[in-house]
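There are 4 protein chains.
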Amino acid sequence: MTAAPQPHRMDNRELLDQYLAAGFAGRVGWGERPALLVIDMAGAWTRPEEMIGSDLGGVLENIGLLLDVVRKTDDIPVVFTTMAYDATFSDLPLVTRLKTPHSEQMIRGSDRVQLVPQLRRLPHEAFIEKPRASAFFNTNLLSILVAQRVDTVIVVGCSTSGCIRSTCESALDYGFRAIVPAEAVGDRSASAHEANLFDINARYADVLPIQEVIGHLGGRGPALTG
Amino acid sequence: MTAAPQPHRMDNRELLDQYLAAGFAGRVGWGERPALLVIDMAGAWTRPEEMIGSDLGGVLENIGLLLDVVRKTDDIPVVFTTMAYDATFSDLPLVTRLKTPHSEQMIRGSDRVQLVPQLRRLPHEAFIEKPRASAFFNTNLLSILVAQRVDTVIVVGCSTSGCIRSTCESALDYGFRAIVPAEAVGDRSASAHEANLFDINARYADVLPIQEVIGHLGGRGPALTG
Amino acid sequence: MTAAPQPHRMDNRELLDQYLAAGFAGRVGWGERPALLVIDMAGAWTRPEEMIGSDLGGVLENIGLLLDVVRKTDDIPVVFTTMAYDATFSDLPLVTRLKTPHSEQMIRGSDRVQLVPQLRRLPHEAFIEKPRASAFFNTNLLSILVAQRVDTVIVVGCSTSGCIRSTCESALDYGFRAIVPAEAVGDRSASAHEANLFDINARYADVLPIQEVIGHLGGRGPALTG
Amino acid sequence: MTAAPQPHRMDNRELLDQYLAAGFAGRVGWGERPALLVIDMAGAWTRPEEMIGSDLGGVLENIGLLLDVVRKTDDIPVVFTTMAYDATFSDLPLVTRLKTPHSEQMIRGSDRVQLVPQLRRLPHEAFIEKPRASAFFNTNLLSILVAQRVDTVIVVGCSTSGCIRSTCESALDYGFRAIVPAEAVGDRSASAHEANLFDINARYADVLPIQEVIGHLGGRGPALTG
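Residue numbers (our numbering), protein chains in the order written: chain A, 399 to 624; chain B, 399 to 624; chain C, 399 to 624; chain D, 399 to 624.
Calculated from the structure, these hints are not laboratory results. These numbers were taken from a predicted model, which means no experiment stands behind them. Glycine residues also receive a C-beta, built at the ideal position from the N, C-alpha and C atoms. Hints may be right or wrong, so weigh each one.
[To be verified] Simulated coverage check for chain A against chain B, where a stretch passes if three residues somewhere in it have a Cβ under 8 Å from a Cβ of chain B:
1. 526-538
2. 552-566
3. 575-587
4. 595-602
[Said to hold, decoys possible] Calculated Cβ distances over 12 Å to all of chain C for the following chain D residues:
5. N410
6. A423
7. G441
8. E459
9. D466
10. R519
11. A590
12. E592
13. G613
The whole structure should be built from the sequences, with the hints applied where relevant.
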């Protein structure tokens, strides 16, 4: 499925009010230097026939819009992630294999873990293999961002209920402002997408309409899909 | 509100089947040495009149049942957590204050961040101040567990949609088996509780009926509240 | 003992040349935003009669010179650290107690772990209790620095062969530029001080004369002790 | 150069006594389940003609003795490490390149970063690419060890003053007992080797004669090189 055209939180005013009263869902706002993190837009996730795949066509198009804007600015770092393990799984703790057996399909170097070609990654854009949901866990992402004085991360890709949420939480934990353009994240389950987008906005990141993100980045907002 | 008497996943067979087919929701099972992590059962969360408080009476009673069983065994470490910051917030990054303004109420040493007395913490049971949702983030919890060869963590307390979920995710990330007794975790929002219990079971931990947990720990299962 | 008046590396040209040929000891240089990290200038370390104490009077004076310069600029964050554990050691893994029995003297709230009063910490200057040698390990330091877009850390205090070296290594690991003003770090052992200052400069940080650091920070270099 | 035939600390009784009096250099001792960590025994380090290479022939032979003993036991996990970066260095923070320019030679997949064939790694023995000195930093090592209930790490390989020391420190930080067989670690600089072996024993790990390690592991100690 594709992401919802409108941020979920708009549709749950009562629940949002309850959270606001409890001191959640404040706005972190934009910092001075953003980076764009494109999470797990690789074959295993984007091909519906794969075990963990779903139709993320609309999400992919919207990420393309963001990449166009970002690459024009020339000073917004872009980082792509995938998940990958050694073919013998010597680097994959047993508990991960037990809880999420699909992990055993993520073999380093295989087609499944390659980025979708439409993203057209440039050589200077980092490509990180992450072992777990958060793009920060046991990867060099944090060091890359610190070294470039990034203070804001725009998180896009999939899945809203897993790697997106987890990456946003880590970002806040480490002192970054995290922004999620709602139409540029997706999930195999519509209900999980909705529920987690609400939690993300309440606890970890600002969930914004993609047009607002594009506007802030100084680009123009073309017509959106989805 | 108190936790649901039955694990959420029981009630969503269709969604669970979808996740099972996608290689999620396997069972991590029990390891050889469990520890009990009691998350954030302190005044700010357990007193309904507090900003982030709710009625967690049933959850507290069920944690009491687990503590009784665990303390009889004499070889299951118990760790309690709370959240606390310096009164000047010099150790609290601005982004956390912006996203969750209730953080500013969690002053080190204040009544709000003290454990509820009913837990009757013993001197050798660790008490950890954590700065963020996961009990592992920037605390000594990991080192404490490694030093005692713990391989399984039983996670109880609140809130299901925040610190419980996050602690379970970190546990799996670090190679631990995580177990959540469904009736011993709670949340201020029933819908957030349900949605996150499903995600926790699908991605990070085994969500089990508390009777099964008590049974495994060698104790007897008295009548449950809730 | 006080720190050496001249950086060690100056005196070991042959060894330095060997390291330069092996691709070590490059200069990280200054970034755009420095912070000053004052490591473990608390009673247990600065009072010679304490178990791990030594005479750090010259180091303390030189740190005072840096604090004067830094506080005038008004935009260089200052962070102080100490080490402290719960009086029951419930938060201190056994291995630490076995390897360094002096850890058992570092009781939270005790006089030994308080900063020396001459530092005159201001309320907005962070004060962090760290459980291990590196100021980054299991503390909020990283999040505090990221949130303020710090890219350079000036590391001062004690001990050169322990917490100073370890903090510099973590800083580089996380993508920061680390600078050590040679006369503002000290150690109980002159040989350990010298050997580790060399390693620090070869591997993790730029070891500079304090006058060069003061000059860069825009201040004037008054006469130095040592 | 090869490692010293006798642990350094034996030769510095006065300095060791000073450290013992200061509450350092206790013994962590053996835990219940050891693992063997073989650090950076790859071409870039073991071929003397390489930029960071030196003659580690004696160290390699002694590691071979340990591997023989360990592989016979069948229940001691073995983990090998190397350092490696993407050919475009998109995953390598600038500060690392500036401080240690040799990092730019560690290209993933190149001959330099392959393990030396004499180690004869078996498929189930983990092989980890680490980005920094400590084998724990931003790798899955910790999760692998936790999942197998390892509580003791035997650290061998190179370099004593860099990756060996740093890995021992991380091990203690995370609650593991660390053991260094003195004759199975080496460094390009004899003085750096000696100075750091002393610090390692004083602060982070037990430095033992290799015969004592082999004896403990249940094997017999054949004649040693070095």
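Hints, verified against the model:
1. 526-538: holds (count 5)
2. 552-566: That given contact holds, which follows from 3 residues of the segment 552-566 of chain A lying within Cβ reach (below 8 Å) of chain B.
3. 575-587: Since 3 is at least three, the answer is holds.
4. 595-602: holds (count 4)
5. N410: 9 Å, violated
6. A423: 8 Å, violated
7. G441: 15 Å, holds
8. E459: Non-interface label stands for D:E459: nearest chain C Cβ at 23 Å, farther than 12 Å.
9. D466: Given that every Cβ of chain C is farther than 12 Å from that of D:D466, nearest at about 28 Å, it holds.
10. R519: 26 Å, holds
11. A590: Check fails; 7 Å does not lie beyond 12 Å.
12. E592: 9 Å, violated
13. G613: 21 Å, holds
Figure legend: structure checked against the earlier numbered hints; hints not met, in rising order: 5, 6, 11, 12.
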